[in-house]
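A.B. asks: Residues per chain, in single letters:
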Amino acid sequence: MSVPLTLLGLLEREPSHGYDLKRDYDAFFGRGKPLPFGQVYSTLSRLARDGKVVISDVAPGSGPDRKRYIITDVGATEVEQWLTQPVEPEPHLQTVLFAKVVLALMLDRPAGEYLDTQRSAHLRRMRELTEVKRAGSLVDALLADHGLYHLEADLRWIEMTGARLDALRKEVRP
Amino acid sequence: MIRFGLRLAVAGGREALTRLIVIAAAVAIGSGLLLTTLAGVNAVNAQLTRYASMYPQASAGNADPLWWSTRFDYFHGKQIIRIDVAATGPDAPTPIGIPRTPGAGEYYASPALRDLLAAHPADQLGDRYPGRDLGTVGPAALTSPDTLLVIAGGAPDQVAKLPAAKQVASVGDTPALPETTVNLILGVIAGGLLFPVLIFIGTATRLSAARREQRFAAMRLAGATPRQISTVAAVEATAAAVAGTAVGFGLFYAFRDPLADIPFTGMPFFPSDMSLGLLDVLLVALGVPAGAAVAAQVSLHRVRISPLGVTRRVTPRAPRPYRLIPALLGVAVLVFAIGFKPETSDGQAAVFLPGLLLIMAGLVLAGPWLTMVGARVLARYANRPATLIAARRLADNPKAGFRAISGIMLALFVTSVAVGVITTIIANRGPAPVGSTEAGQVSLYLPEDAPAAPDTLFTGLRSISGVRSATAVRENPDRMNASEPGLIACTEIPRAYGRCAEGAAVAEVATGLIPFRESASSARVWPAASVPLGDLQQLPVMSIVVDTDGSAAAIERSRTVLEAAFPTFWVGPNVPGDFESDFADTLRGWEQLANVVIIASLALGGCSLAVSVIGGLTERRRPFSLLRLSGAPVRVLRRVVALESAVPMLAVAAVAIGMGLLAAHLFLRAQMHYTLVAPEPRFYVIVVVGLATCLGVIASTMPLLERITGPETARSE
Amino acid sequence: MGPSGSGKSTLLHCLAGILVPDSGEILFDGARVDAMAETERSSLRRDRFGFVFQFGQLVPELTAVENVALPLLLSGVRRTRALSKAGAWFERLGLDGLEQRRSGELSGGQAQRVALARGLVAEPQVLFADEPTGALDSLTGEQVMDLLVSAAREQGTTVILVTHEPRIAAYADREVMVRDGRVNAPDRIAS
Ligand SMILES: Nc1ncnc2c1ncn2[C@@H]1O[C@H](COP(=O)(O)OP(=O)(O)OP(=O)(O)O)[C@@H](O)[C@H]1O
Ligand SMILES: [Mg+2]
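Protein chains in written order, with the numbering used here: chain E, 1 to 174; chain S, 175 to 891; chain Y, 892 to 1082.
Isolated chain E, as found in the complex (with noise of 0.2 angstroms):
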């Protein structure tokens, strides 16, 4: 998750105070893992020296929190390039999952147990996720939703590979 892109982009809704941003991180974002106001208010001065955002006017009295920002149009720009352009694909070939199947059909371990197991363990969490998405509100559902879509995928990995533990057994150990 990029703070600074995100922190841009929530001042494309409106000009914010530092506080207001770091509210609505931690409720659309944050998902139990809050921002503290220490990178929120370093984040907004390299912003503001990097030329995105500009500080509007000040309230009087002291304290951070007198500051508005607004965006600039190379900020903007930036949020726009952000949003459009398609995140890299990465190759997860070499995700733990992969390695520790690898790793056990090299040392012959029972490499199909641990599939089974790991399959478990994917149900367990995507039912914590779908109870989850049950009671919670939207936005959690659609959180969930990702989660689920994740681990959706890796079980489909781990059918195909547990299907196919017999050949990759004689791929990695000649």
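Since the hints were made in silico from the structure, they are not lab data.
Note that the structure is predicted; figures quoted are calculated from it, not measured.
The beta-carbon is built from N, C-alpha and C at its ideal position, and this holds for glycine as well.
Be a bit skeptical, because a hint or two may be false.
Simulated coverage check for chain E against chain Y, where a stretch passes if three residues somewhere in it have a Cβ under 8 angstroms from a Cβ of chain Y [unchecked claim]:
no.	region
1	121-133
2	151-163
If we take Cβ atoms under 8 angstroms as the criterion, some of the chain S residues that face chain Y in the derived model are [unchecked claim]:
no.	residue
3	195
4	567
5	809
Assemble the complex: chain E is given as a structure, and chains S and Y with the ligands must be docked to it using the hints.
C.D. replies: Okay, now just chains S and Y with the ligands, sitting in the frame of chain E:
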């Protein structure tokens, strides 16, 4: 594309082949029946033509004329046709069926009559034809192998004096019955039998249409053009129909002889009369395959529009009530005919035929609407799921539901008109019941110029064993005031026929000692006549009444004696009922035909229904089998099938019979002032047997129902 | 769960008393389902079980609401009562206004929800569902599952569901894997 279609049809796997064979088999049965019907019409026509040529019109020509007189005689209640001929010169035409015109004292007899002559003593039959037996009358002159016909020769001046004698210059070219009559017969047969056959063939070619539609839709999705699909479908249907028609011809010729033996018209046909004209052959050989191709086109209509045509089911437009109009109009025409009766028989046909045809067409047109209304009512009040499903299906597509039974409807309508009319006529003019006085009475109505009846004739008659009395009835000169045309001395009235009024010596009596349309009664009192007893002997004898014990031998002996005494009789001495039963026999022949039509059309209707039931099942096999999986007893599904097919059929049968009897009643009122007599129980038995056959055919689909909705279906799809 | 052809449907049909297994026992309420006569199993299926299949289970002649009322009608409930009971399900499943539609006029998801209502309307003790979401897109599939789970919980109906989609399986309280006609967890399955 045609080659491709053929390959698909023949080599398209087991399912395609099975379907092909089933369709071909159905078409074979259908076209076999079609050929039988056409040949039957030809045979009836041949019969009627030969019948008509027994009554030639007087004609003049260059040749020497032939004297000709056709008369009726009876033996054991059967009619003998006696034709007396006399050639007036060497150029006179020779009657058809015999090598030369018999001279005086010579005769030819039909094979059936020869059998009778050989089997019975001469004093009962043979003595009626004194002289030389020249041989056999050939089939060309006979209406049926059973026809009793004698062609007797005579001197020209004798034959000329016979009743209705006429001179004919040529023989055999008499036109058959009047056009309208033949058309009426054709109409009855066509409406009653052809229609169900055609419906059956049509339904057969649509067999498993749903499955085929799916396949064609898939081909459409794969890029086949509508034209290509049409071609493939037409080729497939035509291939099956061609094969079926060929087998149908084989079936027809294989079963022609036994079929000819069935007395459809009251007498059997000559197998050679059950023949097909070139036109008939072409009609069936080309028409059935062409019809099958057209039917295939029509049934593909949905697929050709769009590849999705089959998956998306649209409810067809509901029929409108205006479909009732023609039927009501038809009834109105018949009702109108009660008040207005045209003079000529052609005029009558001109009123009744359109009326009947309107009702027939109207019934077929109104059927879907009635089906829909009935089904909607049923659906509204249905509590059972089976009733609900069946009623909904019928209400959704009443045309499809009605199509299979429209043949039954027409057949039952036509036959109940016929049976209603026939029963009523027979009931009003039927033969005497066996065992009554009438059954033993032989009476002869003497022709005008008959020789006087000698006393020896009466003593001779009385000496025949089994004869109780022989009485002469003399002509009543007082024609204006008399209540009866005959006179008799009171002492001569046989006990069985009643007695004189008190104090009278001479009584006025009916010709046969039985008043018109009544039966003999010993309690009857005949009114006194004004003629004195002494003058009676001078009056000419009008009729001779012989009362026998009813035994065939006594009757036939008396008849033979009477005929010998009065050779110029017109209608042979007859037992009451001989004459009527002859007329009734003809009518019974038609009734027989009606019965054949009923059973055949119902059995055919059953087959059509079975085909459409199977179609309906295949369409819904998945929901039905899943219903069964969920625990719905197969009984529920059986009930759905029964309700969808049997109930409309029974309802339609009731409506058709009701309408038929109504039409018959209107016809009888207008034509004869008779009131409809309910048909004999036999009619109902035959209808019930026919309906049972039909239900049996439907029931035969039940095992299929169980099989195609079994758990395997749901699991394998 | 299990791969295609592994015997999921076969197992489900055995449990529901549609098929009789060659070996093994099936107990329901203490009674041997596999030892019952076909008529007994039929009435068990009709009165105590409900079913939802992948597709094509609605009778095309009947309207949606009549299809839902069908199990009630089959067990002899009067028509008006059955229809009003069936009608109550339409609002619950978000099918308002579709009561009078025929199956051909419903989308796949709508038809499947109608089928679900039909499976549940008789308040069965066990609902057997064979890939009920197989023909639906994920969103519709999940809507159907949501409705299924909440309705079943509310009614106290046990749901036995066959699927090969993990996300659908995740709605269940426990899963059973079938592979090559064998059940992975060797303990008893149905109650
Ligand atoms: N335990 C078993 N013993 C013998 N045969 C079995 C067994 N289980 C399944 N089969 C056979 O395997 C075939 C496939 O089974 P089934 O239809 O149940 O698979 P499925 O898991 O439902 O597959 P799909 O996901 O494609 O629907 C069937 O023909 C069935 O008879
Ligand atoms: Mg399956």
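A.B. asks: Would you mind marking each hint as holding or not holding in the structure?
C.D. replies: Comparing the hints with the structure gives:
1. 121-133: holds (count 6)
2. 151-163: Per the Cβ count (6), the hint holds.
3. 195: violated (29 angstroms)
4. 567: This interface hint holds because 5 angstroms falls under the 8 angstroms limit.
5. 809: violated (10 angstroms)
Hints 3 and 5 from the list above are not met by this structure, while the remaining hints are.
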